[in-house]
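K.L.:
End of the sequence shown = 479 in the working numbering, gap-free, step of one.
Read the hints as simulated data drawn from the structure, not as lab findings.
One or more hints might be untrue.
Claimed, not checked - Listed below are the simulated DSBU-like cross-link pairs for lysine-lysine, each with C-alpha atoms no more than 30 Å apart in a straight line:
no.	residue 1	residue 2
1	353	200
2	130	171
3	178	141
4	330	407
5	474	405
6	474	450
7	141	217
8	202	357
9	217	446
10	217	330
11	451	405
12	353	474
13	447	217
14	474	447
15	130	217
16	396	171
17	330	474
18	357	330
19	468	130
20	184	353
21	217	178
22	447	468
23	396	474
24	462	330
25	217	202
26	184	202
27	217	152
28	449	462
29	202	171
30	446	353
31	357	451
32	429	447
33	442	330
Said to hold, decoys possible - Okay, the calculated beta carbon distance ranges per label pair:
no.	residue 1	residue 2	range
34	199	357	24 to 32 Å
35	462	427	31 to 39 Å
36	202	427	46 to 54 Å
37	149	409	27 to 35 Å
38	184	449	41 to 49 Å
39	475	447	23 to 31 Å
40	151	407	43 to 51 Å
All C-beta atoms, glycine included, are put in the ideal place defined by N, C-alpha and C.
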Amino acid sequence: MMSKIYTNNLFTRLKLVVVAVFMVCAAGVNGQEFAGVKTVVIDAGHGGKDPGNMGTGRYKTREKDIALEVALKVGQYIKEAFPDIKVIFTRKDDSFVTLAGRAEIANKNKADLFISIHCNAANSKSAAGTETFVMGFKYEEYNRELTLKENSVIFMEDDYKETYSDFDPNNPESEMFAGLYQSAFQDQSITFANYVEQQFANRVGRRSRGVKQGVLYVLNRSTMPSVLIELGFLSNSKEEDFLNSELGQVYMASAIYRAFKEWKKHREGVDLTVKSSAKVEMQGPAENVNEKEYSDNPYGIVFKIQLLSSTRKIKEGSSELQGLDEIEELHVDGRYKYVHGAFPNYDEAKKALKKVKKKGFESAFVIALKGSEPLKVQDAIKELEKN
Numbered sequence: 093m094m095s096k097i098y099t100n101n102l103f104t105r106l107k108l109v110v111v112a113v114f115m116v117c118a119a120g121v122n123g124q125e126f127a128g129v130k131t132v133v134i135d136a137g138h139g140g141k142d143p144g145n146m147g148t149g150r151y152k153t154r155e156k157d158i159a160l161e162v163a164l165k166v167g168q169y170i171k172e173a174f175p176d177i178k179v180i181f182t183r184k185d186d187s188f189v190t191l192a193g194r195a196e197i198a199n200k201n202k203a204d205l206f207i208s209i210h211c212n213a214a215n216s217k218s219a220a221g222t223e224t225f226v227m228g229f230k231y232e233e234y235n236r237e238l239t240l241k242e243n244s245v246i247f248m249e250d251d252y253k254e255t256y257s258d259f260d261p262n263n264p265e266s267e268m269f270a271g272l273y274q275s276a277f278q279d280q281s282i283t284f285a286n287y288v289e290q291q292f293a294n295r296v297g298r299r300s301r302g303v304k305q306g307v308l309y310v311l312n313r314s315t316m317p318s319v320l321i322e323l324g325f326l327s328n329s330k331e332e333d334f335l336n337s338e339l340g341q342v343y344m345a346s347a348i349y350r351a352f353k354e355w356k357k358h359r360e361g362v363d364l365t366v367k368s369s370a371k372v373e374m375q376g377p378a379e380n381v382n383e384k385e386y387s388d389n390p391y392g393i394v395f396k397i398q399l400l401s402s403t404r405k406i407k408e409g410s411s412e413l414q415g416l417d418e419i420e421e422l423h424v425d426g427r428y429k430y431v432h433g434a435f436p437n438y439d440e441a442k443k444a445l446k447k448v449k450k451k452g453f454e455s456a457f458v459i460a461l462k463g464s465e466p467l468k469v470q471d472a473i474k475e476l477e478k479n
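Turn these sequences into a full structure, and let the hints steer you where they fit.
P.N.:
What follows is the structure, encoded as structure tokens:
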């Protein structure tokens, strides 16, 4: 358990209140005083002498290694798509960075978004799924356990009692300061977190445990919208296999990038004075989750709806493809195939197919992919049922 390091010094507590209130006022009513996204800080959790969680022990890689691989990929995708956006990493190699140092990097560079990437673990081997945390102090026991785990790196640092004298997630007074410090940015943090979990579930076929709250130091001290992403449970052998694979890391990084693209569009393209209606879902201990209740898909199998196939490339905006959003072009065996959606199981794809046909694509049908490779639909269904 995390020992108490919160100071009872009245002057220190008053100073923190003043600083927190100043930051809330400086950020504007909702932390949304400007629309442009210019700088993103991507934080690969743990590193160096702090390996993070060790997984099942079947791999040499640890949480710190997977977090770094995914973080670097996310940054690469953002740089390629938005060359005008400055992407900063808290670490690019296996180095140790303090929690205070991570937040300081984001603050000094005046980042517009802070993304911290981690992998989860639980005593139960069946615990599975992604989850994304925002700063908050109304949480249940499982969130408290994760908070203690992610904050425990504090004790690996020199002079931690002095550095973190104002922070104790077990102390109600400390929670009050935490709420003040990040409340200005919570709406945008929740919005981005929801985009992340939607991408994990709908495009990658992962089981999403939702958006949650926790008193996490690295989020609490970041003066911009901030999230901590748990990619999955390394204590679950299926998820550990997926997250250790190159394909799995590409899928997860791509999902985070797509979430960023949606969040950027939201922030720059809507009235930012309107509060987000996104809901923070709360959930109990990981050990109480029945994995069979969810359509988890840890094998990279995804179902899509093929709209049409052509030997020629169809221009974007063509009348042949009008009526649907998010149309993807695949190049398979010398043909261009245009597909819509991404579904973790066949039943969801069939439901979507009915809607697609009503849009005028009467010859559309469901296809299956494993990674980037086509797979017979029946074989995909059998493989998912078998596992």
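K.L.:
Now look at each hint and say whether the structure bears it out.
P.N.:
A quick look at each hint next to the structure:
1. 353 / 200: Satisfied, since the Cα-Cα distance of roughly 24 Å is no more than 30 Å.
2. 130 / 171: holds, 11 Å
3. 178 / 141: Given that 30 Å is the threshold and the Cα spacing comes to 28 Å, the pair holds.
4. 330 / 407: This hinted pair is violated, its Cα atoms lying about 40 Å apart.
5. 474 / 405: The given pair, whose Cα atoms are some 33 Å apart, is violated under the 30 Å limit.
6. 474 / 450: It holds: about 29 Å lies between the C-alpha atoms, which stays within 30 Å.
7. 141 / 217: Answer holds: residue 141 to residue 217 is near 26 Å, not above 30 Å.
8. 202 / 357: Roughly 20 Å separates the two Cα atoms, so the pair holds.
9. 217 / 446: Violated: residue 217 and residue 446 sit about 38 Å apart, past 30 Å.
10. 217 / 330: holds, 10 Å
11. 451 / 405: Satisfied, since the Cα-Cα distance of roughly 22 Å is no more than 30 Å.
12. 353 / 474: violated, 34 Å
13. 447 / 217: violated, 38 Å
14. 474 / 447: holds, 25 Å
15. 130 / 217: Violated: residue 130 and residue 217 sit about 41 Å apart, past 30 Å.
16. 396 / 171: The hint holds at about 28 Å.
17. 330 / 474: Given that 30 Å is the threshold and the Cα spacing comes to 17 Å, the pair holds.
18. 357 / 330: Not OK: residue 357 and residue 330 at ~34 Å, beyond 30 Å, violated.
19. 468 / 130: violated, 43 Å
20. 184 / 353: Judged against 30 Å, a Cα distance of about 22 Å means the pair holds.
21. 217 / 178: violated, 39 Å
22. 447 / 468: Holds. Residue 447 to residue 468 sits at ~22 Å (cutoff 30 Å).
23. 396 / 474: Status holds; Cα separation ~17 Å.
24. 462 / 330: Between residue 462 and residue 330 the Cα gap is close to 15 Å, so the pair holds against 30 Å.
25. 217 / 202: violated, 40 Å
26. 184 / 202: Satisfied, since the Cα-Cα distance of roughly 19 Å is no more than 30 Å.
27. 217 / 152: Within the cut-off at roughly 19 Å; holds.
28. 449 / 462: holds, 24 Å
29. 202 / 171: holds, 18 Å
30. 446 / 353: holds, 28 Å
31. 357 / 451: With a Cα-Cα distance of about 26 Å, the restraint between residue 357 and residue 451 holds, given a limit of 30 Å.
32. 429 / 447: holds, 19 Å
33. 442 / 330: At roughly 26 Å apart (the allowed maximum being 30 Å), residue 330 and residue 442 satisfy the hint.
34. 199 / 357: 24 to 32 Å: The hinted range 24 to 32 Å holds for residue 199 and residue 357, with Cβ atoms some 25 Å apart.
35. 462 / 427: 31 to 39 Å: 19 Å Cβ-Cβ, so the 31 to 39 Å window is violated.
36. 202 / 427: 46 to 54 Å: This hint holds: roughly 47 Å between Cβ atoms.
37. 149 / 409: 27 to 35 Å: About 52 Å separates the Cβ atoms of residue 149 and residue 409, which means 27 to 35 Å is violated.
38. 184 / 449: 41 to 49 Å: Once the Cβ atoms are compared, 48 Å apart, the range 41 to 49 Å for residue 449 and residue 184 holds.
39. 475 / 447: 23 to 31 Å: Given about 26 Å between the Cβ atoms, the range holds.
40. 151 / 407: 43 to 51 Å: The hinted range 43 to 51 Å holds for residue 151 and residue 407, with Cβ atoms some 45 Å apart.
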